[in-house]
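There are 6 protein chains.
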Amino acid sequence: MEGVLMRGNGDLRGLEFETGVQLHAAGSCLVKLGRTHVLCSASLEEKVPGWMKGRGTGWLTAEYGMLPAATNTRSDREAARGKQQGRTVEIQRLIGRSLRQAIDLAALGERTLTVDCDVLNADGGTRCAAITGAWVAVALALKARGLEAAVVRQVAAVSAGVVEAGEGRRGVVLDLEYEEDHLAAVDCNLVAARPAGGGELLLVELQGTGEGRPFSRSEADALVDLGLAGCAALMEAQRAVLA
Amino acid sequence: MEGVLMRGNGDLRGLEFETGVQLHAAGSCLVKLGRTHVLCSASLEEKVPGWMKGRGTGWLTAEYGMLPAATNTRSDREAARGKQQGRTVEIQRLIGRSLRQAIDLAALGERTLTVDCDVLNADGGTRCAAITGAWVAVALALKARGLEAAVVRQVAAVSAGVVEAGEGRRGVVLDLEYEEDHLAAVDCNLVAARPAGGGELLLVELQGTGEGRPFSRSEADALVDLGLAGCAALMEAQRAVLA
Amino acid sequence: MEGVLMRGNGDLRGLEFETGVQLHAAGSCLVKLGRTHVLCSASLEEKVPGWMKGRGTGWLTAEYGMLPAATNTRSDREAARGKQQGRTVEIQRLIGRSLRQAIDLAALGERTLTVDCDVLNADGGTRCAAITGAWVAVALALKARGLEAAVVRQVAAVSAGVVEAGEGRRGVVLDLEYEEDHLAAVDCNLVAARPAGGGELLLVELQGTGEGRPFSRSEADALVDLGLAGCAALMEAQRAVLA
Amino acid sequence: MEGVLMRGNGDLRGLEFETGVQLHAAGSCLVKLGRTHVLCSASLEEKVPGWMKGRGTGWLTAEYGMLPAATNTRSDREAARGKQQGRTVEIQRLIGRSLRQAIDLAALGERTLTVDCDVLNADGGTRCAAITGAWVAVALALKARGLEAAVVRQVAAVSAGVVEAGEGRRGVVLDLEYEEDHLAAVDCNLVAARPAGGGELLLVELQGTGEGRPFSRSEADALVDLGLAGCAALMEAQRAVLA
Amino acid sequence: MEGVLMRGNGDLRGLEFETGVQLHAAGSCLVKLGRTHVLCSASLEEKVPGWMKGRGTGWLTAEYGMLPAATNTRSDREAARGKQQGRTVEIQRLIGRSLRQAIDLAALGERTLTVDCDVLNADGGTRCAAITGAWVAVALALKARGLEAAVVRQVAAVSAGVVEAGEGRRGVVLDLEYEEDHLAAVDCNLVAARPAGGGELLLVELQGTGEGRPFSRSEADALVDLGLAGCAALMEAQRAVLA
Amino acid sequence: MEGVLMRGNGDLRGLEFETGVQLHAAGSCLVKLGRTHVLCSASLEEKVPGWMKGRGTGWLTAEYGMLPAATNTRSDREAARGKQQGRTVEIQRLIGRSLRQAIDLAALGERTLTVDCDVLNADGGTRCAAITGAWVAVALALKARGLEAAVVRQVAAVSAGVVEAGEGRRGVVLDLEYEEDHLAAVDCNLVAARPAGGGELLLVELQGTGEGRPFSRSEADALVDLGLAGCAALMEAQRAVLA
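Residue numbers (the UniProt record's numbering), protein chains in the order written: chain Y, 1 to 243; chain R, 1 to 243; chain F, 1 to 243; chain E, 1 to 243; chain Z, 1 to 243; chain S, 1 to 243.
If we strip away everything but chain Y, and leave its shape as in the complex, we get:
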């Protein structure tokens, strides 16, 4: 649509973080990855769920939603349907698990961080953008409350896939747009973590799916390589916005 040069197979889309977008949240961040825009916030409550009381440790939970007009054809409002879709539930569980790796729950104390990720515009990779943006919101929230010591790892996520059709990029490519995601034979979401003080990039989640066909061991390796490189670049941008 916009007259862009074709991205290289290992290139991320243009990335932007806008912070402080939600005035009441302890931390918030609108992340824009190309035409995928996700509003992330972190709210902090001075209590934990009933089943955790008295343990002295905190909790982090996440919710994900998509505004009805975020998609190409307007999608149903889940609140009106009275039910979250399976896809939504799966994504918010992934976001929660991923960000719990960023936090030392004991250092958080008996507090609950609730992360909300709402997609304003969807063009592929919304769950990965949500994780990357939510980490910024969480870090901002804990900093604002003097709890930055509870942030023990930096966490970011990216998609990769094998595209064998279409008029755009082909082969093993990073950070798929909707059109590429739709065409991809193999699709992978990768969440990475790095110790807060710096150090080796590790894996938090690795979810590869053969949507169109099964995939080989060597394809899996290529996807992980590309994904880790993408996460390293995303983390650099995260650090810049927090600096």
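Incorrect hints may have been included.
[Unchecked claim] In silico BS3-like pairs for lysine-lysine, Cα to Cα no more than 30 Å straight-line:
id	chain 1	residue 1	chain 2	residue 2
1	S	Lys47	E	Lys47
2	Y	Lys47	F	Lys53
3	S	Lys47	E	Lys53
4	S	Lys32	Z	Lys143
5	Y	Lys47	F	Lys47
6	E	Lys83	F	Lys47
7	F	Lys53	Z	Lys53
8	E	Lys83	E	Lys47
9	R	Lys53	Y	Lys83
10	R	Lys47	E	Lys47
11	R	Lys32	Y	Lys143
12	R	Lys83	R	Lys47
13	Y	Lys53	Y	Lys143
14	F	Lys32	F	Lys83
15	F	Lys143	F	Lys53
16	R	Lys143	R	Lys53
17	R	Lys83	F	Lys47
18	Z	Lys83	E	Lys53
[What the hints assert, rightly or not] One-sided and incomplete, this derived list gives chain R residues near chain F with beta-carbon spacing under 7 Å:
id	residue
19	Gly86
20	Arg93
21	Ala193
22	Leu206
23	Gly208
24	Thr209
25	Phe215
26	Ser216
[To be verified] DEER-style ranges, computed between Cβ atoms:
id	chain 1	residue 1	chain 2	residue 2	range
27	R	Arg239	E	Gly82	41 to 49 Å
28	F	Gly146	Y	Gly54	44 to 52 Å
29	F	Thr61	Z	Ala185	46 to 54 Å
30	F	Thr61	Y	Ala144	33 to 41 Å
No lab work stands behind these hints, which were simulated from the structure alone.
Just so you know, these numbers come straight off a predicted model, no measurement behind them.
For glycine and all other residues, C-beta sits at the position ideal for the given N, C-alpha and C.
Please build the complex by placing chains R, F, E, Z and S on the supplied structure of chain Y, with the hints as guidance.
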């Protein structure tokens, strides 16, 4: 929080419209009225609900939601609770009724306009800001599809109230912030319409409530006067953004 | 159906209150306003919702329903559909707000009044008849428990509208039947209150809607005038039944 | 409460039918059996459920509800809870099965009769009173539409039980009030039918439950005897009201 | 399907109990009655529902379900539909009431027994097989926990009916298969109890329904006779498996 | 519990398939992997969902459930709660995606295969056992209907993980029991496919999660190696049962 002078009783908060915010919607508009920010979009489908088929006329429906982190204390996600609150349902019915007065449904033809209003930040007056912003989104959507002739009236909404306590404005005041709304003895939402070609300002909805005490006939008159003046100012800004 | 003379524009339909209809309720009243019949009851519990405990004041809440066979064409049973309609929710919120203006919640003490309004026959104006009848049920309930001092205001409600079509009444008319309501260009529900010891009639709720077209300031004035006169007449009948 | 003489073990409570209570229903009947009052209506639609189309026969379905204030302590509104209780579902299935034995569905043609039974006051035996009253509503509805030939059997229902405690009736007793029902060791609901043209009384449903203890074959016999006698008396009253 | 001789009118289908099938349950039993297979388990918790606390007695509750592939045509999964069917609710209430007659709730102490009955294969009579198998599971569970003294009665259930069509058994027949149940004019489920120490067979539940036509007093008698004989045989098998 | 020798890190638990367990299903299989038992069935309908009609290809969908007594402490029945858990939804989406890789949907024609996987006993690895067993049920169903040509790949699944605590196996281990799963720092589910005619083992799904800590690239490699070897062994057993 921001070092503002105290507003006069008849003053609106600062108003801003940002259009084109949702890339897939036929029309969209982020309206900011002070610290109340509502993302409005209008989606256009080439069909009508089953019960309307074959009449040759269109339909407009509205949905309203609030992001969990939009409020002072994070509120529950309605999609997760599996149920929209009574307040939500009431507001989206009001938005739909109000905007149907803006449109000539026959001129729209067998199409459905779905208006989505999602509150990103709530500081009082979200339903009124939603109506004002949604009218812009609808007008943009119909213009983009060459259907501007279906827009027969301009519609805007504002709140007014009687405040008798607190450290801010007192008396009959326009465009209440959350704190004022909370303190108000009487609360009024007023939706006004003006023929697209210009002309007298008329009432579409008038909802006055004695939250703290009943109110007199003359108080009702003062609230309507202030509300109509507020709507006239909002409509000027709407026209400017569409020009 | 009944061979009635046409009502004057400012006339109420025939009004009847039958009390003591629900044997277990603290107070109950079947209100008949023409062919609109609503069974109202007030139940009194010696406790308040959790969020109100320890404040020494009481609460009043309302629920509204319509028997499936109350309407011209049988309507769905909301309990069977598993969901209350938006209209139902909106009405029961209105009834609750209106009747809370009748009660001194501090004088009620830590008790909850639950008002139930169930429409047995619907012929327009059910929400207004519900409020008028529910006030009688509440007053009876509090009297029966020696709490009449908590009734600080008399509350009644009526509809009015602008009818420009049909074979019946035309112009600004009071207390619309279903057929008139259906034809009305403008529709208004007005709830009024009067101090228990007598005094000026004030407004509690004023809800005017331009269903068919926007309406002018002077039309609004005429609707309010007619509505207040109607409420005065309803209140006279309420006092008679309680005497 | 009222200074009544104690009923004999085989006596019904005072019985009254008030017809035409719901103005829009094809047939309606408020049945009062002592302090148990049930509003029954029969609505007739000129179509059948999808799965029955084209068979040339009709259908009868039933719904049951209890107004919240019908019981000693106010009960939850099922529409507000979003779910019908198991007891409700069980009762409306029983009412539907019982009344389908009253109707020749082929003679009804492709029409649906919907029976609504709403309890205004509950003092034991509501399901039986509902069946007895609903038969009157159905007979009135079919008569009003010239379909009386479809009524092939008269149907009525009554409860009986074995009471071994309390200060009232003891032994095998007919038509239990709430207090007796609560104390009963054995509880039985019996639905009977008689050919429209007269003839032997037969059983449609026989539901005996040992609530407090199992029961013997001879107790079962005594309950059935009493129940059939009670149904014969109820049917006489049904015929009188229709005559 | 299997080359069986036709059963006699008073014959049960082949019966088998397989115990210990669910490894975590306090007691479990897979009951096979012909081609009807129901997996029954009894779970024991050391607490009672809130409304029973402090009374020193226990509780027994039951749940019933059918695997989607248990029926001839796959049926909907109730968990996916978000709602249990009326039939399910009715059956689980029957199972609970029946088994509570087997237990001395005071001897159970403040414990809750939860009975789960899940149909793996359905060929008629699933609710009766469930009761018969669940009694075995409950007896095993209480024995395993040294609470066998709480089992005060043996409980079993069977169906009987009047079949007047089809190519199989005709007349009053015991233990109906799906095909017979479908054809039956009259259908009866009978639950019987016998004191744990031996003694007369009594009735716990008797549910007779005229599905196709009303039934006579003498038909009712024949169904009860056959049902009691069937329960006696089932109880012999229950004792054998527990021995 | 049973006096078994400790398994080697690369050993599967004892595996058994029992086929033909659900009499009405086109194909069914009870898979037992140690103490994890899952009942799998495949039902075949001669139609496709509305959105697929007319394309000439079929569809496969999956549902997953757990009997309440399958777990150590009885879990809630999802049908009774009226909602499937997020975990359930996630698992059934995984099962569906995995098995669609086994089938040539075009060769299936306009038919729908519905796979049901119900856990009778849970001891870790239920989703993997479900996939492995469901493949057998699907293969049996298609064979029974003469559609074996639609089975284009063999599919099986297994778990692996990194265990660093507890008294049992330590390190990178295959096929985790509940206790091991609970202790695992890293957890991986791997679904593999092999062309029906034989050939290289490929990946269909790879889901690795750092539950306790992030994991390294080389740990990921070791988990994949172990998982693929486990799947090869499971496939051998699948082929044996179908032979």
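Task: Structure-inconsistent hints, enumerated in ascending order - done: none
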